[in-house]
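Asker: The primary structure of each chain is shown beneath.
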Amino acid sequence: MSATTDTTISLPLVPSDEELAIRTAVRDIVEGFGADYARRCYEAGEPPSAMWKALAEQGFVGINVPEEWGGGGLGMWGLQLVGEELAAAGGATLMLVVSSAMSGSILPRHGTDAQKERWLRGVAAGTTKLAFAITEPDAGTNSHNLRTELRRDGDRYLLRGQKTYISGVEDAEGILVVSRLRHDDGTLGKPTLAIIDVDGPGFSRDEIPMPYLGPDKQWTLYFDDVVVEADRLLGGEEAGLGVLFDALNPERIIAAALANGMARRAIDQATKYANEREVWGQPIGAHQSVAHPLAEAKVEMEMTRLMTQKAAVLFDAGSPLAGEASNMAKYAAAKAAVHAVDAGIQAHGGNGFALEYGMSDMWWPARLMRTAPVSEQMVLNHVAQHSLGLPKSY
Amino acid sequence: MKIAVLVKEVPDAAVEKRIDASGRLDRSGEKNLNPYDTHAIEAAVQLKEGGTIPVEEIVAITAGPAGAERALHKAVSLGADRSVLLSDDAVAGSDVIATGYALAKLLERESPDLVLLGQQSDDGENYTIGAVVGEFLGYPSLTQVVKLDIAGETITAERQAEYGYDTVEIDLPAVISVGDAINEPRYPSLKAIMGAKKKPLEKITIADAGIEADKVGAAGSKIECGNFTEPPKKSGGTIIEDEDTSATVEQIVAWLDERKLI
Ligand SMILES: Cc1cc2nc3c(=O)[nH]c(=O)nc-3n(C[C@H](O)[C@H](O)[C@H](O)COP(=O)(O)OP(=O)(O)OC[C@H]3O[C@@H](n4cnc5c(N)ncnc54)[C@H](O)[C@@H]3O)c2cc1C
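The listed protein sequences correspond, in order, to chains A and B. Going by this note's numbering, the first residue of the first sequence is number 1, and it counts up by one from there. Going by this note's numbering, the first residue of the second sequence is number 395, and it counts up by one from there.
Honestly, I wouldn't trust all of these hints.
Cross-link-like lysine-lysine pairs, in silico, DSS-like; alpha carbons within 30 Å at most [as the list claims (entries may be wrong)]:
no.	chain 1	residue 1	chain 2	residue 2
1	B	Lys396	B	Lys628
2	B	Lys425	A	Lys53
3	B	Lys541	B	Lys654
4	B	Lys585	B	Lys654
5	B	Lys411	A	Lys272
6	B	Lys425	B	Lys654
7	B	Lys628	B	Lys425
8	A	Lys53	B	Lys609
9	A	Lys310	B	Lys592
10	B	Lys411	B	Lys627
11	B	Lys597	B	Lys616
12	A	Lys53	B	Lys597
13	A	Lys310	B	Lys425
14	B	Lys411	B	Lys654
15	A	Lys272	B	Lys627
16	A	Lys310	B	Lys442
17	A	Lys116	B	Lys541
18	B	Lys411	A	Lys53
19	B	Lys627	B	Lys396
20	B	Lys411	B	Lys609
21	B	Lys591	A	Lys53
22	A	Lys310	B	Lys585
23	A	Lys298	B	Lys654
24	A	Lys298	B	Lys411
25	B	Lys616	A	Lys53
26	B	Lys597	B	Lys585
27	A	Lys53	B	Lys627
28	A	Lys272	B	Lys593
29	B	Lys609	B	Lys597
30	A	Lys272	A	Lys335
31	B	Lys541	A	Lys272
32	B	Lys585	B	Lys442
Derived by calculation from the structure, the hints in this document are not laboratory data. Owing to the predicted nature of the structure, the values given are computational and were not obtained by experimental measurement.
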């Protein structure tokens with residue numbers, strides 16, 4: 001949990017009994033709601049509350065949170081198991097990324113005890129859900145351009161600005177908003193993090209219509225002088241990027257874990273189909289042009305699972321290598337998931353598009369991971385500059 | 395009161411079951427706690443939580459290979475307080491009677507007030523272990539129990555039968571195999587999973603349990619297995635395309651009539 005590097009922490013390559021039991025329990029819980037549960041939620045316009053509650057009650061959505069705050073104490077290592085199994089069972093929800101991974105990581109590290117009491121206990125128990133908002137219409141990839149601002153108003157603050165593509169607000173109690181403090185000289189400061197209430201005075205939101213991405217909705221948010229009490233700031237008035245990355249790295253790790261689970265689901269389902277479907281008197285899986293893309297997807301997925309687990313272990317150990325590993329895991333897992341789903345759809349022929357088979361519902365959630373939470377290009381920019389030492393490109 | 399739950403490790407439901415060269419079930423693949431046993435554990439936990447009778451302890455008991463520890467960890471993560479594993483090569487290859495004898499000896503060491511087990515194992519599917527254990531212990535036994543109430547020393551149980559339900563009263567101590575309709579087993583919590591290995595697991599040999607070696611294993615078993623053949627393939631059913639519903643109904647009625655089913 002500390003910022004020091006614990007060199008004794010290692011990556012377990014052979015799953016322990018506990019790991020297998022956690023995976024099985026999560027899968028069984030999610031599968032108990034039926035393969036089309038997430039789509040039913042999407043069609044009803046409702047959050048996947050019953051599934052979330054079932055997972056939360058057994059301790060799985062707060063698995064990463066330290067035990068002293070009611071969590072499972074297993075860090076990102078534990079949460080990536082949950083994320084992968086959730087997605088492999090068809091229950092991927094971005095709430096696991098924004099609430100469990102992001103708030104569940106940043107609060108233990110940078111919250112005051114009172115903030116932990118108020119927010120972290122609920123995040124650990126799954127009873128409090130927090131969305132996360134950094135993206136703005138004019139500042140997505142370029143976070144240096146953030147314009148949402150916080151002005152001092154006596155001993156409190158006023159929040160003003162706009163955020164977009166914010167996931168899960170419909171199901172959240174609060175939002176962790178990244179803004180910047182307006183200094184007396186008119187300049188904007190380093191990123192500030194504040195938890196604001198959903199739907200309080202001065203807050204409004206519009207839903208952004210999207211194809212099926214899972215059960216969560218996406219929103220544009222408007223802050224019109226939303227009052228922010230001082231005890232809502234996380235890590236002080238200008239927490240800065242160092243604090244922010246204690247949420248962004250977990251975000252990438254769990255996005256990668258979800259992508260890994262999506263890839264697994266696509267490969268498993270397509271393999272079963274290719275073993276059963278006969279068109280020329282033998283299963284279509286006998287054709288190498290059907291089999292090889294699935295085999296290739298399997299190779300890619302196993303590699304990205306390994307990288308995701310490595311990133312999780314490094315993050316939990318407080319290693320400075322966690323950032324690079326998280327970025328690489330997210331980059332590779334997104335690509336692998338897209339390849340897996342594409343191969344799966346192709347193997348299904350026309351059935352790959354029928355909602356009944358569920359394959360087409362895997363497309364957009366997997367494809368999303370190439371763009372969000374951080375775009376593929378920005379990961380490559382980072383790797384080129386920081387891992388390789390090439391010139392800064394932007 | 396003390397409840398013992400008999401559990402078994404079986405090949406995972408997803409694994410295709412095969413007979414190996416020695417004529418025994420191939421157990422090399424993925425294994426799991428017999429899913430039917432989870433209903434017995436859940437029934438025990440519900441009695442404990444229900445509070446109408448004080449339950450001091452739930453003990454999960456199995457006879458099996460060393461790997462069966464994992465099934466016991468699972469049993470404990472589902473609510474048992476501790477577990478006992480009889481792991482002895484001498485027991486391998488036991489038939490139903492020999493297994494029932496070994497389990498009865500394990501139970502004698504514990505002298506529970508109530509013995510619960512699942513209606514069948516997912517691999518052997520004998521449905522009989524409960525009755526055999528009851529016979530060895532001299533306890534009354536009931537099978538296919540889907541409702542269980544205990545007041546004082548008396549159990550009132552509902553049995554699922556082909557013709558409906560029997561309501562039966564028996565006295566403790568007793569052996570009860572539960573049907574899977576008795577409850578919806580809970581999922582293990584993270585806490586229970588992480589704590590499972592911290593609960594006592596006692597490993598014993600046949601000597602510890604006073605089991606006579608010639609009454610168990612292949613030597614103690616009267617049933618011999620052999621000459622296995624694949625079950626005949628089922629012929630494909632008849633599919634009636636529903637183009638005109640009244641014609642479809644006529645075809646179905648004719649089909650049933652031909653077989654004297656209506
Ligand atoms: C479904 C969904 C859910 C989301 N959920 C959230 C959320 O919960 N919270 C939140 O804060 N945000 C969320 N986002 C926002 C997401 O993180 C951003 O969309 C993403 O980071 C890209 O930012 P942008 O849309 O502003 O793209 P832009 O910054 O406009 O970029 C457009 C394209 O140009 C590329 N590009 C830009 N700059 C460079 C450069 N220097 N070098 C190379 N290429 C470059 C980008 O990679 C991208 O391909 C979500 C987005 C979606 C689609």
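Asker: Are any of the numbered hints broken by this structure? If so, which, sorted upward?
Answerer: 1, 3, 4, 6, 8, 12, 14, 16, 17, 18, 19, 23, 25, 27, 28, 31
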